[in-house]
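Trainee: Heads up: the sequence lines are chains A and B, in that order.
Residue numbers for the first sequence follow my numbering, so the first one is 4 and each next one is one higher.
Residue numbers for the second sequence follow my numbering, so the first one is 4 and each next one is one higher.
No lab work stands behind these hints: they were computed from the structure.
Do not rely on the hints blindly, as some may be mistaken.
Just so you know, same-sequence chains aren't split out, so a pair can sit in one copy or run between any two.
No more than 16 Å apart at the CA atoms, straight line, and that leaves these computed lysine to aspartate or glutamate pairs for EDC-like [stated by the list, open to error]:
1) K205 x E182
2) K197 x E182
3) K136 x E219
4) K205 x D191
5) K206 x E182
6) K145 x E70
7) K205 x D158
Number of protein chains: 2
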Amino acid sequence: MTASKSTSAPNFETILSPALLPLYSLHGKTVVIIDILRATSSICVGFHSGVSLFHPVAHPDQALALEKEGFIGAAERNGKKLDGFSLGNSPFDYLSSHLKNKKVAITTTNGTRCLHLSYEADEIIIGSFLNLKAVAAYCKHKNQDVIAFCAGWKDKFNLEDTLFAGALANSLSADFTIECDSTLAAIDLYSNAKNNLSSYIKKASHAQRFERFGIEHDIDFCMQNSIYDFVPRMVGDNLVI
Amino acid sequence: MTASKSTSAPNFETILSPALLPLYSLHGKTVVIIDILRATSSICVGFHSGVSLFHPVAHPDQALALEKEGFIGAAERNGKKLDGFSLGNSPFDYLSSHLKNKKVAITTTNGTRCLHLSYEADEIIIGSFLNLKAVAAYCKHKNQDVIAFCAGWKDKFNLEDTLFAGALANSLSADFTIECDSTLAAIDLYSNAKNNLSSYIKKASHAQRFERFGIEHDIDFCMQNSIYDFVPRMVGDNLVI
Numbered sequence: 004m005t006a007s008k009s010t011s012a013p014n015f016e017t018i019l020s021p022a023l024l025p026l027y028s029l030h031g032k033t034v035v036i037i038d039i040l041r042a043t044s045s046i047c048v049g050f051h052s053g054v055s056l057f058h059p060v061a062h063p064d065q066a067l068a069l070e071k072e073g074f075i076g077a078a079e080r081n082g083k084k085l086d087g088f089s090l091g092n093s094p095f096d097y098l099s100s101h102l103k104n105k106k107v108a109i110t111t112t113n114g115t116r117c118l119h120l121s122y123e124a125d126e127i128i129i130g131s132f133l134n135l136k137a138v139a140a141y142c143k144h145k146n147q148d149v150i151a152f153c154a155g156w157k158d159k160f161n162l163e164d165t166l167f168a169g170a171l172a173n174s175l176s177a178d179f180t181i182e183c184d185s186t187l188a189a190i191d192l193y194s195n196a197k198n199n200l201s202s203y204i205k206k207a208s209h210a211q212r213f214e215r216f217g218i219e220h221d222i223d224f225c226m227q228n229s230i231y232d233f234v235p236r237m238v239g240d241n242l243v244i
Numbered sequence: 004m005t006a007s008k009s010t011s012a013p014n015f016e017t018i019l020s021p022a023l024l025p026l027y028s029l030h031g032k033t034v035v036i037i038d039i040l041r042a043t044s045s046i047c048v049g050f051h052s053g054v055s056l057f058h059p060v061a062h063p064d065q066a067l068a069l070e071k072e073g074f075i076g077a078a079e080r081n082g083k084k085l086d087g088f089s090l091g092n093s094p095f096d097y098l099s100s101h102l103k104n105k106k107v108a109i110t111t112t113n114g115t116r117c118l119h120l121s122y123e124a125d126e127i128i129i130g131s132f133l134n135l136k137a138v139a140a141y142c143k144h145k146n147q148d149v150i151a152f153c154a155g156w157k158d159k160f161n162l163e164d165t166l167f168a169g170a171l172a173n174s175l176s177a178d179f180t181i182e183c184d185s186t187l188a189a190i191d192l193y194s195n196a197k198n199n200l201s202s203y204i205k206k207a208s209h210a211q212r213f214e215r216f217g218i219e220h221d222i223d224f225c226m227q228n229s230i231y232d233f234v235p236r237m238v239g240d241n242l243v244i
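Sequences and hints are given; from them, build the entire structure.
Mentor: As structure tokens, this is what we get:
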């Protein structure tokens, strides 16, 4: 596959944590935001349920204020839904027919922050295992440099976001130039884990935190491969499909 | 092995890049500095050749100034030895009987910087594949929290330093608590690569850079496992064994 790759093939790079973002230029690139457990997975579920747009905000107060303008507020911090909100960060919160044609103002510990940090990118899209094939097809068709941007956990590296970066890079390896060590590592970690992603993630510390909250089912849900065929993307200040 | 681990087993964590250092506390911990290609490997070679101490400095000018006080100056930037210095960063520079009982003032792109950044640690030691078993034995005997601190390449993640962190963690898994995702990833990457470290590293971008400089032999040398049985450590402002 590599032999057929054009010398002008676009680059695929991976940012393993928001703390590493200053080392990379996003200018003229497509940035794939990755927060597998659980913001980017839940956003995909929301669109599947008919949400018309997600408006990412930095603070829960902003999400609450927007409820007066017809938005549904969604807020998560430290893995838990905040009091006073009907939606948190669990994919099951977003599996509801009540969300059809609704606008959601969302803030999460890691994922929505990355959306705001990526403002200089040419385009920002949302990646999760739930829409992996659609994201890969989108990047291949666009034929532009890609940055897989892992949200991590409070700026620390995490396994589940890195595994998705590896899965995406693996899907695009015939059409993109992959030289960065972060992506090479992500591909190898994904190759190790791909036959049983859920059990692999459950060994991760992030997953261990979730188990303590009794929401292990979220992990099984979020590891489903390509059940949705759309790609949420930022248009102006909103995510749409 | 895990079942016999004491609940008070010390923690093993991995810092994948100096840019992630602010997320970790080094206080009361043993920090293992890792710059496999090539500072920490070359420092081990120097001690094997009889160097009495390494004095890490931030700037090449400091290394030159110390030559007037009887030090040998060693300086590398961007993978190359700087003009005016007899020693750079290649392990072969340090395989010399002329270094016996000499003091070396050294500055490198990534490795010596990490030594300076780790000042708050309880102890700072030097890790490389060349002294892997000795480092593992030292950490096990000390029975204190360990941080494997990967120097990376200009703050970016690199594979070879991560592989060493994984090798060390793997050696210590029966005696340390390992929960951080970075260490779990490092262990898996090492398990993938351990039967042929050199060829694995040659696929890494860092190694590709070295190949362009024609110093691929350095990689083969630096991947030798446990040929030295000492552990360089910081005492005051110097590294000694």
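Trainee: Does each hint hold? Answer for all of them.
Mentor: Hints versus structure:
no.: 1; hint: K205 x E182; result: between (29 Å within a copy, 11 Å between copies)
no.: 2; hint: K197 x E182; result: neither (22 Å within a copy, 21 Å between copies)
no.: 3; hint: K136 x E219; result: neither (24 Å within a copy, 38 Å between copies)
no.: 4; hint: K205 x D191; result: between (18 Å within a copy, 15 Å between copies)
no.: 5; hint: K206 x E182; result: between (28 Å within a copy, 9 Å between copies)
no.: 6; hint: K145 x E70; result: neither (36 Å within a copy, 56 Å between copies)
no.: 7; hint: K205 x D158; result: neither (20 Å within a copy, 29 Å between copies)
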